[in-house]
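Asks: Here are the chains, one letter per residue:
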Amino acid sequence: MNWLTNFVRPKIRALVSKRETPENLWEKCPSCGQMVFHRDLEANHRVCPQCDYHFRLSPRERLTQMFDDGRYERVEVPEVAADPLKFRDSKRYADRLKESRTKTDEHEAMVIAVGRLGGLETVMAAQDFGFMGGSMGLAVGEALIKAAEEAVSRHAPLVVIAAAGGARMQEGVLSLMQMPRSVIAVDDVREAGLPYISILTDPTTGGVTASYAMLGDISIAEPGALIGFAGPRVIENTIRESLPEGFQRAEYLLEHGMLDLVVHRRDLRTALTHLLALLTSAEAIRDVPPATDPLLALPSGAHLDGVA
Amino acid sequence: MEAFLDFEKPIAELENKIRELRHLADTGDADIGEEVARLEAKAGALLVDTYANLTPWQKTQVARHPNRPHFGDYVSRLIDGFTPLAGDRAYGDDPAIRGGLGRFRGRPVMVIGHERGNGTEGRIRHNFGMAQPEGYRKAARLMKLADRFGIAILTFVDTPGAYPGIGAEERGQSEAIARSIETCLSLSVPLLSVVIGEGGSGGAIALASGNRVMMLEHAIYSVISPEGCASILWRSAEHARQAAEALKLTARDLMGFGVIDTVIDEPVGGAHRSPPGAIDATGDAIEAAFMSLDNLDGGQLKSSRREKFLKMGRNGLYGGPNRA
Ligand SMILES: [Zn+2]
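Chains H and P supply the protein sequences, listed in that same order.
Note that the working numbering has the first sequence beginning at 1, numbered continuously upward.
Note that the working numbering has the second sequence beginning at 1001, numbered continuously upward.
Please keep in mind that the hints were generated in silico from the structure rather than gathered at the bench.
Among the hints, erroneous ones may be present.
Unchecked claim - Here are some, though not all, of the chain H residues that point toward chain P, as calculated from beta-carbon distances under 8 Å: (1) ALA81; (2) ASP187; (3) LEU215; (4) VAL234; (5) MET258.
The C-beta atom is built at its ideal place from N, Cα and C for all residues, glycine as well.
Could you build all of it, start to finish, from the sequences and the hints given here?
Replies: Listed below in structure tokens is the structure:
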């Protein structure tokens, strides 16, 4: 890598990035097919105004939506061994990694940040489905461990926003070992007496669901998110039956007792802030609007009178 | 009836020839003793040679061999007075994971493991070792029980993976696996895990987050089955052979990665040719592993187990971090 590729390329990329080009002023909703004007989509937390489909978010978009004033500081994740298996299928894993890095402008599939939620310092880890399906390999495991260490040392709650197809196959059994490693990470937060909140977004499946994502002190999912251990196609091929309506969707899991809440993205920040303030006995929270969902408790005492 | 694997065909042919010659000898012709001895030596050498050079895909087939000793075989040869304990106290009892108390060479132990079952009926009853959430919840319950009474835990891992079904998902397969891993990591008693056949993904690690993890020589342990990996990355399960190579799923590979602690040698021709030999060798490895942990107190057992997993992927593995 030379100076040009390192420093000039990203800027050029930013200038011509997809969102800025005129043909991308409109985005097609993958659910209802409606063309949505990008400003309307941004204003609506990247949720389709027509059908409520929650678009997948990059970690940057997610962290900006969640933290107070959209402000946060990134936490550097220690470097891990690259391509330990020297894996290759139709393509080299090393090349797939490079492509994902170029495409996302991120180094790996989990971004760690520290910021404030209603004034309360919080560590957040956001998984990037756009980076090789968000898959958990050494880097994601290491990011979770780092996020947990950061939470413990700052005495701050940990929020993990999961989005992944599962383990990073290209790292073989070492990706499987990230399951116990991530469990150790979130348990360290718990043992420090701090809340660990898991937010499951579309999709969260495989080894990611079967480790940290399902171990939250409180587990919240976004509406319609696909959440499960085995993927729906694998199940269909195994049992040779069609799957029930809404199977493995957030609402289905809620009905089956696997989640605490399903929260619309526009209320997510409010609900999270409120819960964290309660769990940490923090002072009254600031600058957070009341939730629009009447099922969710309102964030400030002044509003509580109106709740039935 | 011996079940031969496809790569064992030359061995099977030699053994057939030996059988035919013996049959001839029985019917009168006495002049073939030398020929039988020569063929037997040849078959023996071929068996040694074949099993010393198994490819990852061949090991996958050996690991899944129907005659390979399973959980029940290990328990009946290694555990005295095994008393099975059933149920998850929430929904049911899963026959794909068995557990119970007994004595291993005098030491009280909680034994837990996947049971693949023997014979068609047995395999169906135990669902081919593919567990439901109840199985993992039973495992976690038994581990906690052992922990309370200071009883060491021994797990045998042998599963194609957790069962992918509607009910399994509805009852929280992911949560059950996650809690089982969490329980493994919380224990203040020794936890030893032996991968005796197939260590299939999350369904395996749920029982194998132990202080010492051992593997039989021809066992495999992987994040995904070669067939599953091939159908995703090569878009065809027919590339399973290549996927098995790429996944680095053999005991030797895992030893190199620092993911397992011990490789247990199998008898010539694999555990399925001599189950007692394989089980006794496993017993010796278990005894040595228990003894290596005897001087650690509860806190040390828990913290060293956590450190062991935290280390994986950090500096020191494969000569330290390097950029792509
Ligand atoms: Zn829509």
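Asks: Look at each hint and say if it fits the structure.
Replies: Status of the hints after comparison with the structure:
1. ALA81: holds (5 Å)
2. ASP187: Hint holds; ASP187 of chain H Cβ to chain P Cβ min 6 Å, cut 8 Å.
3. LEU215: holds (5 Å)
4. VAL234: holds (5 Å)
5. MET258: OK, holds: MET258 of chain H within 8 Å of chain P, min 5 Å.
Hint check: no violations occur; every hint is consistent with the structure.
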